[in-house]
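Asker: Read the sequence shown against UniProt numbering and you will find it ends at 231, with the numbers running on by one and no gaps.
Treat the hints with care, since some could be wrong.
[Stated by the list, open to error] The list that follows gives simulated cross-link-like pairs (lysine to aspartate or glutamate, EDC-like), each with its CA atoms no further than 16 Å apart:
1. Lys-145 with Asp-119
2. Lys-145 with Glu-116
3. Lys-145 with Glu-117
[As the list claims (entries may be wrong)] Okay, the calculated beta carbon distance ranges per label pair:
4. Asp-167 with Arg-96: 44 to 54 Å
5. Arg-182 with Gly-84: 17 to 27 Å
6. Ala-209 with Thr-23: 31 to 41 Å
7. His-217 with Arg-171: 16 to 26 Å
These are computed hints drawn from the structure, not numbers from a lab. Just so you know, these numbers come straight off a predicted model, no measurement behind them. C-beta: ideal position from N, C-alpha, C; glycine also.
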Amino acid sequence: MPLAQASPWHAHALQRTAAGPATALPVRARMEWTTRPGSGPSAEILGPDLHGRRLLELGCGPGHNAAHLATRQGARVTGLDLVGLQIRRARTHYGRLSNLTFVAGHALHYLQASDEEFDGIYSVFGAVGLVAPELLLPAIAQHLKPGRTLAFTVPHPERGGRRPSLDDRPRRDHVLLPDRTRLPVARWDFDAGRWETHLDRAGLWVTSAQEFHDARHGRGPTTLLITARRL
1 MPLAQASPWH AHALQRTAAG PATALPVRAR MEWTTRPGSG PSAEILGPDL HGRRLLELGC
61 GPGHNAAHLA TRQGARVTGL DLVGLQIRRA RTHYGRLSNL TFVAGHALHY LQASDEEFDG
121 IYSVFGAVGL VAPELLLPAI AQHLKPGRTL AFTVPHPERG GRRPSLDDRP RRDHVLLPDR
181 TRLPVARWDF DAGRWETHLD RAGLWVTSAQ EFHDARHGRG PTTLLITARR L
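Take these sequences, add in the hints, and give me the full structure.
Answerer: This is the structure we're talking about:
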């Protein structure tokens, strides 16, 4: 079975597809980084002027953020996702837009095969945290122009009363499907300090680490947002 079809994200996309056909959508007014729409920053953390900038999203899902950046910010965006079904949905939602390309593929394999440099790379609950950081972060740094930004959000390591990982190994987590089924997934569940260590090894300097809460998911922090710059 192909890697994408063995992924719980494929099962998630299948259920979304079964729930109703994808249709063209209006572009959202802001970029979202957290589980609570309207909270936290928007596109400005990727740079003060994104017009004409070349951006890469690792794990674009249905394409909402990529469409915002291409249309409202004037960036040239590639949205990459492991699951072909998600790419099909993204193209149906936003394929009519200019400056926007959607590609199916594994984040690490895509970067290893590419010779392109980007003005910004970002991941919103995407590939960062789900691919071995000792492999993915150096690959990101190699394709990020000097002085440019990597920004990513991951589930907060203390969500739901958890504790951050005490070593560099992934640990078992789960993906909650639309029908409430839970499928296992391996996740690197680091706190900001451990992420900083891995980013530093890759030649990326942390510029901010922010945590956000979503009251719908308990009292503790739910999202960790990190920005880093290539040295």
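Asker: Against this structure, judge whether each hint is valid.
Answerer: Okay, the hints, checked on the actual structure:
1. Lys-145 with Asp-119: holds (6 Å)
2. Lys-145 with Glu-116: The given pair, whose Cα atoms are some 10 Å apart, holds under the 16 Å limit.
3. Lys-145 with Glu-117: holds (6 Å)
4. Asp-167 with Arg-96: 44 to 54 Å: Holds, since Asp-167 and Arg-96 (Cβ atoms, about 47 Å apart) stay within the stated range.
5. Arg-182 with Gly-84: 17 to 27 Å: holds (23 Å)
6. Ala-209 with Thr-23: 31 to 41 Å: holds (37 Å)
7. His-217 with Arg-171: 16 to 26 Å: holds (19 Å)
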